[in-house]
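These protein sequences, in sequence, are chains A and B.
Using numbering that gives the first Met the number 0, the first residue of the first sequence is number 0, and each one after it goes up by one.
Using numbering that gives the first Met the number 0, the first residue of the second sequence is number 0, and each one after it goes up by one.
No lab work stands behind these hints: they were computed from the structure.
Among these hints, one or two may not hold up.
As the list claims (entries may be wrong) - Below, simulated DSSO-like cross-link-like pairs (lysine-lysine); rule was C-alpha separation at most 27 angstroms, straight line:
| # | chain 1 | residue 1 | chain 2 | residue 2 |
| --- | --- | --- | --- | --- |
| 1 | B | 328 | A | 51 |
| 2 | A | 51 | B | 75 |
| 3 | A | 51 | B | 320 |
| 4 | B | 244 | B | 8 |
| 5 | B | 85 | A | 124 |
| 6 | B | 162 | A | 2 |
| 7 | A | 197 | B | 328 |
| 8 | A | 135 | B | 56 |
| 9 | A | 2 | B | 85 |
| 10 | A | 195 | B | 8 |
| 11 | A | 168 | B | 162 |
| 12 | B | 8 | A | 173 |
| 13 | A | 197 | B | 244 |
| 14 | A | 195 | B | 56 |
| 15 | B | 266 | A | 195 |
| 16 | B | 3 | A | 195 |
| 17 | B | 162 | A | 195 |
| 18 | B | 75 | A | 197 |
| 19 | A | 197 | B | 85 |
| 20 | A | 4 | B | 162 |
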Amino acid sequence: MSKTKFDILRSTCVPLLYENVDTDQIIPARFLSATSREGFGENLFRDWRFSKSGAVNIDFILNNPEYSGSILVAGKNFGCGSSREHAVWAVFDYGFRAVVSSFFADIFKNNALNNGLLPVVIPEKDLGTLLSCVTKDPETIVTIDLHRQLLIAPAAQLSVSFEINPYKKECLLKGLDDIDYLLGIQNHIIDYELIKSK
Amino acid sequence: MEAKTLFDKIWDSHVVRHIDEGPDVIYIDRHYIHEVTSPQAFNGLNDRAIPVFRPEKTLATADHNIPTLNQDQEIKDELSRNQVRKLEENCSKYGIELFGIGHPNNGIVHVIGPELGKTLPGMTIVCGDSHTSTHGAFGTVAFGIGTSEVEMVLATQCIMQAKPAKMRITVNGKLQKGVTAKDVIMYIISMVSASGATGYFVEYAGSVIRSLSMEARMTICNMSIEMGARGGLIAPDEITYEYLKRVPSLAGIFPSSGFPEKWNDLKSDPDAIFDSELEFRGDLINPMITYGTNPGMGMAIDGTIPETDGAKQEGAASFLKSLDYMGFKPGMKLLGHPVDYVFVGSCTNGRIEDLRAFAEMVKGRKKASNITALIVPGSRMVEKQAIREGLTGILKEAGFELRQPGCSSCLAMNEDKIPPGKYAVSTSNRNFEGRQGPGSKTLLASPLTAAAAAITGKITDPRDFIN
Numbered sequence: 000m001s002k003t004k005f006d007i008l009r010s011t012c013v014p015l016l017y018e019n020v021d022t023d024q025i026i027p028a029r030f031l032s033a034t035s036r037e038g039f040g041e042n043l044f045r046d047w048r049f050s051k052s053g054a055v056n057i058d059f060i061l062n063n064p065e066y067s068g069s070i071l072v073a074g075k076n077f078g079c080g081s082s083r084e085h086a087v088w089a090v091f092d093y094g095f096r097a098v099v100s101s102f103f104a105d106i107f108k109n110n111a112l113n114n115g116l117l118p119v120v121i122p123e124k125d126l127g128t129l130l131s132c133v134t135k136d137p138e139t140i141v142t143i144d145l146h147r148q149l150l151i152a153p154a155a156q157l158s159v160s161f162e163i164n165p166y167k168k169e170c171l172l173k174g175l176d177d178i179d180y181l182l183g184i185q186n187h188i189i190d191y192e193l194i195k196s197k
Numbered sequence: 000m001e002a003k004t005l006f007d008k009i010w011d012s013h014v015v016r017h018i019d020e021g022p023d024v025i026y027i028d029r030h031y032i033h034e035v036t037s038p039q040a041f042n043g044l045n046d047r048a049i050p051v052f053r054p055e056k057t058l059a060t061a062d063h064n065i066p067t068l069n070q071d072q073e074i075k076d077e078l079s080r081n082q083v084r085k086l087e088e089n090c091s092k093y094g095i096e097l098f099g100i101g102h103p104n105n106g107i108v109h110v111i112g113p114e115l116g117k118t119l120p121g122m123t124i125v126c127g128d129s130h131t132s133t134h135g136a137f138g139t140v141a142f143g144i145g146t147s148e149v150e151m152v153l154a155t156q157c158i159m160q161a162k163p164a165k166m167r168i169t170v171n172g173k174l175q176k177g178v179t180a181k182d183v184i185m186y187i188i189s190m191v192s193a194s195g196a197t198g199y200f201v202e203y204a205g206s207v208i209r210s211l212s213m214e215a216r217m218t219i220c221n222m223s224i225e226m227g228a229r230g231g232l233i234a235p236d237e238i239t240y241e242y243l244k245r246v247p248s249l250a251g252i253f254p255s256s257g258f259p260e261k262w263n264d265l266k267s268d269p270d271a272i273f274d275s276e277l278e279f280r281g282d283l284i285n286p287m288i289t290y291g292t293n294p295g296m297g298m299a300i301d302g303t304i305p306e307t308d309g310a311k312q313e314g315a316a317s318f319l320k321s322l323d324y325m326g327f328k329p330g331m332k333l334l335g336h337p338v339d340y341v342f343v344g345s346c347t348n349g350r351i352e353d354l355r356a357f358a359e360m361v362k363g364r365k366k367a368s369n370i371t372a373l374i375v376p377g378s379r380m381v382e383k384q385a386i387r388e389g390l391t392g393i394l395k396e397a398g399f400e401l402r403q404p405g406c407s408s409c410l411a412m413n414e415d416k417i418p419p420g421k422y423a424v425s426t427s428n429r430n431f432e433g434r435q436g437p438g439s440k441t442l443l444a445s446p447l448t449a450a451a452a453a454i455t456g457k458i459t460d461p462r463d464f465i466n
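Pulled out of the complex, with its shape left as it was, chain A reads as follows (with noise of 0.2 angstroms):
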């Protein structure tokens, strides 16, 4: 079964200028009944969006429809809280396919590559640059290379190299899935467990 592939992503951004942004603001718990991974978008940062009648919150950076494209530029700490996979369904949901920030909650980083969401750890310098730019001119164009692991920002004279796992990036690239890879090495599996009854 194939998955979502990335290799090169070319777009406008979106800033979220708070760092340690948890899994409850980015899906409420009150949205996890879904029995499917659909439609989680509709409630992307959910109470920060709108407020509690319903009103839509206009200093939300979301709702200001001068900022717009498919990466999210956020604070340190990005995804930290629950494990619910949930949060990066949201955030993919609603039309990221890259989120950017100087450090990742372990949990969400994991969840977010398990489903074609490129996390991309950068500098915590370069980012305040990048967040800057970007809220400065909402029409700053960021291209994110997988292939060679670069973060370009010209406007903001940014060209910034970014860790990832090879087996992860490959995974990417090519739109693998693990579950494919352990069920086909099924037999080592079996090998182990014998060998541990022992």
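Model the placement of chain B on the given structure of chain A, informed by the hints.
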């Protein structure tokens, strides 16, 4: 032979295969599942037309989405009812043992696992829930995973993970009266920060940790994720052995002749090297309370909210937004601040020792009239024991009611929501914005601090009630 940490020993012995420049394929001994993070995983198995590889190593419960009153009646909320029903269908179809709503052993997944003797030293354990680290209290490598990984484990009993770095947190000394395991872990997180242990698997050590009961150790390990750690564990010892000997389903497995020989190696070698080592003094820990919107924003109960958390531009903006949400200001003290709700429960503090501590403090006293309390046992077994010990009588006399087990107000997926604008002193593990209900304001604390607030109606130092 290279000196190894306990984490290394367990991880390395479970590697089925190492992928060059990639993750390890790790065999999972125990897979816990619940109704919220499993449906899409089962859908995946269905789409692939494959069975669950090792159903006997899998255990299911319904806990996150269920009501904590009238559990004998049909769940009112349609989506919740549907999700719980889906779990029942999937467990039946794939041959997985389900401790569902109404079952005598039903409860919060991280409470019932150890109760049923399903969590044992040396195991690798996963669950689609970030507080899976709780099981590390037994000397296991236990961590939370996402739904795609739940599907992976159901299909192959394996998971692919990069091996994290190792951190040891040592707490020596002696705890003051009124200071509990919850205060210890909240103190550690306040010092390390909500992201300070990201990328690490933590081992807790030191005389304070060694002195803790198994339930207290579970509280410590439970909140490892709140400082970003992959998981946390404590080496098994006599206390672990004594606990397991008394688990009904393990009767006869553990001989009374002494500490099992096979566990002798389940500890870090004396000269093992950790990537990071931190040390704290137990005597310096006070009852804790959070003032902000992440578990790292905590202080001593009689402390003063700091001016900033010491960071640059983005940090300062987030810090002030957090205080603004809570209705607090830098320089404020929280003692005496009015409280509206008290929640006792969750996988952090929903066990019998927690209920005992709460009951002991409220005994002979009365709930403050401005307080609405939700006292939720972590499982039916905890509930039954509370009744047997007369705790329900003590609670009732003081004006409290024991509800039925479930995750309840910890994440408020069910109707146990804290209303907007209300302050809740909560023995759970997260105080994110709106965690306990949109607009709700969470103050994390120990069962003793929660009891003190429940009696006075405001934030109170529990030591005031201890002789």
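Against the structure, the hints:
1. B:328 <-> A:51: Within the cut-off at roughly 24 angstroms; holds.
2. A:51 <-> B:75: holds (23 angstroms)
3. A:51 <-> B:320: holds (18 angstroms)
4. B:244 <-> B:8: holds (24 angstroms)
5. B:85 <-> A:124: violated (47 angstroms)
6. B:162 <-> A:2: With a Cα-Cα distance of about 24 angstroms, the restraint between residue 162 of chain B and residue 2 of chain A holds, given a limit of 27 angstroms.
7. A:197 <-> B:328: Between residue 197 of chain A and residue 328 of chain B the Cα gap is close to 61 angstroms, so the pair fails against 27 angstroms, i.e. violated.
8. A:135 <-> B:56: violated (54 angstroms)
9. A:2 <-> B:85: holds (25 angstroms)
10. A:195 <-> B:8: holds (14 angstroms)
11. A:168 <-> B:162: Holds: residue 168 of chain A and residue 162 of chain B sit about 17 angstroms apart, inside 27 angstroms.
12. B:8 <-> A:173: violated (34 angstroms)
13. A:197 <-> B:244: holds (24 angstroms)
14. A:195 <-> B:56: Status holds; Cα separation ~15 angstroms.
15. B:266 <-> A:195: holds (20 angstroms)
16. B:3 <-> A:195: Answer holds: residue 3 of chain B to residue 195 of chain A is near 20 angstroms, not above 27 angstroms.
17. B:162 <-> A:195: holds (21 angstroms)
18. B:75 <-> A:197: violated (50 angstroms)
19. A:197 <-> B:85: violated (38 angstroms)
20. A:4 <-> B:162: holds (25 angstroms)
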